[in-house]
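Here's the letter readout for the chains.
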Amino acid sequence: MIMKNLEKIEKYFKGELEESDLWEFKKALETDVLLKNELRQYQEIMELTRNEEKQNLMALLNEIHQENKISSKRLFLNRHKVSLIAASVLLFFAVGGSLFLMLNRNSQEELFASYYSTESASFNVRSATAGMDQPVMQGMQFYELQDYSTALDMFSKVPDNIMGRLYSGLSHIELGEFDKAIDDFKFVINHNDNLFIDQAEWYLALCYLKTNKTKEATKYFEKIAGDRGFFKTKAQKLLTDLKNK
Amino acid sequence: MRYVTEEIVQGILDHDRMVLSYIYKEYFSYVKKYVKSNSGNDEDAWDVFQDAIGVVYDFLKHKGAGLSFSSSFSTFFYSVCYNIWQKRLRYRNVRRKLKGVLIEGLSETEWDFEGILRYNSQMRIYLKYLEMLTDDCKKTLELVRKGMDGNEIAHELGLNSAQVFYNKKRNCIKKIIELINNDPEYQNLNDYEKP
Chain A
1 MIMKNLEKIE KYFKGELEES DLWEFKKALE TDVLLKNELR QYQEIMELTR NEEKQNLMAL
61 LNEIHQENKI SSKRLFLNRH KVSLIAASVL LFFAVGGSLF LMLNRNSQEE LFASYYSTES
121 ASFNVRSATA GMDQPVMQGM QFYELQDYST ALDMFSKVPD NIMGRLYSGL SHIELGEFDK
181 AIDDFKFVIN HNDNLFIDQA EWYLALCYLK TNKTKEATKY FEKIAGDRGF FKTKAQKLLT
241 DLKNK
Chain B
246 MRYVTEEIVQ GILDHDRMVL SYIYKEYFSY VKKYVKSNSG NDEDAWDVFQ DAIGVVYDFL
306 KHKGAGLSFS SSFSTFFYSV CYNIWQKRLR YRNVRRKLKG VLIEGLSETE WDFEGILRYN
366 SQMRIYLKYL EMLTDDCKKT LELVRKGMDG NEIAHELGLN SAQVFYNKKR NCIKKIIELI
426 NNDPEYQNLN DYEKP
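First to last, the protein sequences are chains A and B.
With this note's numbering applied, the first sequence corresponds to residues 1 to 245, in that order.
With this note's numbering applied, the second sequence corresponds to residues 246 to 440, in that order.
Calculated from the structure, these hints are not laboratory results.
For every residue, glycine included, the Cβ atom is placed at its ideal position computed from N, Cα and C.
One or more of the hints may lead you astray.
[To be verified] Cross-link-like lysine-lysine pairs, in silico, DSSO-like; alpha carbons within 30 Å at most: (1) A/Lys245 <-> A/Lys157; (2) B/Lys278 <-> A/Lys4; (3) A/Lys157 <-> A/Lys180; (4) A/Lys157 <-> B/Lys308; (5) B/Lys308 <-> B/Lys277; (6) B/Lys419 <-> A/Lys157.
[Unchecked claim] Partial pick of chain B residues on the chain A-facing surface, computed with a CB cut under 10 Å: (7) Phe273; (8) Phe294; (9) Tyr302; (10) Leu334; (11) Asn365; (12) Ile370; (13) Tyr371; (14) Leu372; (15) Leu375; (16) Thr379; (17) Lys384; (18) Ala399; (19) Gly403; (20) Arg415; (21) Leu424; (22) Asp428.
Isolated chain B, as found in the complex (with noise of 0.2 Å):
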């Protein structure tokens, strides 16, 4: 089945999973074989795949779902990829000359792009490392997330007091930075805002 631009943008506001399907079937070979052929490998691929769908996701939140496209959603989405994948290799310092391409709708002084595509690599490295917590601290960022305060997630926990989880929280909070700060990339996303 083949979805237009319109289903396409409302799919993806919806985290709607054929539509995710889709996007990824018709579209991740083609940025596994540009990053492949430019310096990148099949890990790099997929890490400009998930940040370009996060970037996508907040500009289409951002503009509403009612965005026309003058072009396709492909050429669009692949101009997210392209840049992303330009800015990596920028901060891994490959000496190649390096060009942006203008993304239809994403003019600078409208919207922060730099900003969207380092918070999206961070999510990215973030659950990476939440993955290497233990269950116990898993399960206590799960219910921070969920936004309950510290008396309900005690409840929910079965721990004494809120000062049982406060504790808990910071020590698997402790944890997460350590194992993100340790991260190479994550030191050089502030490249991202270097001009």
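In isolation and in its complexed conformation, chain A is listed as follows (with noise of 0.2 Å):
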């Protein structure tokens, strides 16, 4: 909702208005909603940034809260030491195992990388219909700040809303966390009756590919490539390079 009679209202305030405005103003009052409630709200906005006390204790809480965080974690890691030292070594011998795997993984990754570009949430969110999920909207306003932590706390408000789980799973690629994401586009796949199907497989189909599971990938490219979807070229054209890597 964008104030419509902000200056309007500023200038009430500030006492600007001249005497016939002032009067039409007052009587506006009486009769406009919005106006009563833009009204209302610029006087609660105005009272929370003058507010310095309690701006102030909010912002030390904060720094507390912040400030702990963090020595948790240190203890976290002080009281894991040993584990952590018992799993480096592991590690390291699981490193030698890998190098044959990751030569082939790297020529999927490439795969991944020239292919996979962040889809952008402004075309949804300006079309979305009024009867949208209201964290959705909220989420995707995140996810096109780049937020994406904070736009899956919204999404998963609705975890039934089929665009929240898409952009959920769009968020989770961004976050590295692929195998969340192949859980949003399953759900959005199996929930069958919806337009966001072909955006689900392209996407589930490159989480597969990123991670690994060759085998699911192919799978779902060839489907994709077959149908008469907007992924269909460009799977066409990766199933290519994926034989030639």
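Both chains come to you apart, so use the hints to assemble them.
Following this line, the structure appears as structure tokens:
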């Protein structure tokens, strides 16, 4: 919701409205619910803006919270020192064994990087219908601002919303959480009756590619290449590239 | 170091860092445990804790530092947290039996708990979105917060006139209101007022 009467409201509070305008303004307040609500909200926001005392208290509390979060992490690391060392040794040996696999993986990652591009939410935000769940709207705005964690918090509030789940999957990709992204895309696909199956299949296949599940990835790319969807040509090209690697 | 109730009360009123750290260390883990075992998550618990500190601060300011509790401060603080979380669950439409508890000294006729809670939740939401504004807007609103007048701020920001500042301020206010209006929690805040 955008403030339509902000300039007028500011003038009213600064006492800058001419006598006739002031009379009109006061009269409108009696009948115009939007103006009345905007006036109330402006007053509330200005009161919050000017409350230095409370803002300082909350800032201090936030500092304490952040400090404690950091020290809890340190405490965790100290407590688990032995386990971490053991894990590091295991990792060292695992790395050697994985070198062979990595060569293959690198080529798949290159493919992922050349075919994946961040999906914009701006079209969907603009074209969102009035009935769209508010947390999804909000989540997509955070997605557009590249604040993927907050976007995910919003999407998680409406787990059955198909568009929310699609963008939740895309947010997980941006955060490198491919297994979670796979769950989201599967949910969209299994729902079966929605407009986002094409996108969900494409991104699911890319996630499989990225996580080295070549068989599953190929299955989906072949399906997309055989369909008449938006990603048909891309899928055909990617399959050729995959065979040539 | 442990603090007695009177020291905690004074510490909150004075924004004493040591006292606030003590309250955080002593009580936050319990609030978190309670919220998480009642349909909430870590983030909800932190929101409840912040709102509770804000509400308690307003309550203490209203009552004065000489206030004494017949129960401990922790009982008082937990009952505030409990009531806040119950109200949050209500506006999230969680189907469960909802019951507020009586908070010592907070009789409805004497003190508008709902209104104060609403204000403190608004403050938390406002501060969240303030962080999302440009540095320029943050600076502008910070100078407004300090109570400086238009000409002083224009001078401080190196602007040509107070009018340039007013236009800038209007844009910043417009932006933050737009962000706040899209916040689902903010939209639900009016539900606090429902019986």
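Comparing the hints with the structure gives:
1. The straight-line distance between the Cα atoms of lysine 245 of chain A and lysine 157 of chain A is roughly 42 Å, outside the 30 Å bound, and the hint therefore fails.
2. A distance of roughly 44 Å separates the Cα atoms of lysine 278 of chain B and lysine 4 of chain A; the hinted pair therefore is violated under the 30 Å criterion.
3. The straight-line distance between the Cα atoms of lysine 157 of chain A and lysine 180 of chain A is roughly 16 Å, inside the 30 Å bound, and the hint therefore holds.
4. Distance restraint check for lysine 157 of chain A and lysine 308 of chain B: the Cα-Cα separation of roughly 38 Å exceeds the 30 Å cut-off, and the hinted pair is therefore not satisfied.
5. A hinted pair counts as satisfied when its Cα atoms are at most 30 Å apart, and lysine 308 of chain B with lysine 277 of chain B qualifies at roughly 28 Å.
6. Restraint check: the Cα-Cα separation between lysine 419 of chain B and lysine 157 of chain A comes to about 27 Å, which is no more than 30 Å; the hinted pair holds.
7. For phenylalanine 273 of chain B, the interface hint holds, the least distance from its beta-carbon to any beta-carbon of chain A being 8 Å, beneath 10 Å.
8. At a threshold of 10 Å, the smallest CB-CB gap from phenylalanine 294 of chain B to chain A is about 8 Å, leaving the interface hint in force.
9. Satisfaction of the interface hint for tyrosine 302 of chain B is found here, the shortest Cβ-Cβ separation to chain A being roughly 6 Å, below the 10 Å cut-off.
10. The criterion of a C-beta within 10 Å of any C-beta in chain A is not met by leucine 334 of chain B, whose closest approach is roughly 14 Å, and the hint is violated.
11. Satisfaction of the interface hint for asparagine 365 of chain B is found here, the shortest Cβ-Cβ separation to chain A being roughly 8 Å, below the 10 Å cut-off.
12. Here the hint on isoleucine 370 of chain B is kept, as its CB sits about 9 Å from the closest CB of chain A, short of 10 Å.
13. For tyrosine 371 of chain B, the interface hint holds, since its Cβ comes within 10 Å of a Cβ in chain A; the closest pair sits about 4 Å apart.
14. For the restraint placing leucine 372 of chain B at the interface with chain A, the shortest Cβ-Cβ distance is roughly 6 Å, inside the 10 Å limit, so the hint holds.
15. Of the supplied interface hints, the one on leucine 375 of chain B holds, with its beta-carbon coming within about 9 Å of a beta-carbon of chain A, less than 10 Å.
16. A hinted interface residue such as threonine 379 of chain B counts as satisfied when its beta carbon comes closer than 10 Å to some beta carbon of chain A; here the least separation is about 12 Å, so the hint is violated.
17. The beta carbon of lysine 384 of chain B comes no nearer than 13 Å to any beta carbon in chain A, farther than 10 Å, and the hint placing it at the interface is violated.
18. A cut of 10 Å between beta carbons decides the hint on alanine 399 of chain B: the least distance to chain A is about 15 Å, and the hint is violated.
19. For glycine 403 of chain B, the interface hint is violated, since its Cβ never comes within 10 Å of a Cβ in chain A; the closest pair sits about 22 Å apart.
20. Taken as an interface hint, arginine 415 of chain B checks out: its beta carbon lies about 6 Å from the nearest beta carbon of chain A, inside 10 Å.
21. Below 10 Å, beta-carbon pairs count as interface contacts, and leucine 424 of chain B has one with chain A at about 8 Å; its hint therefore holds.
22. The beta carbon of aspartate 428 of chain B is positioned within 10 Å of a beta carbon in chain A (closest approach about 7 Å), and the interface hint is therefore held.
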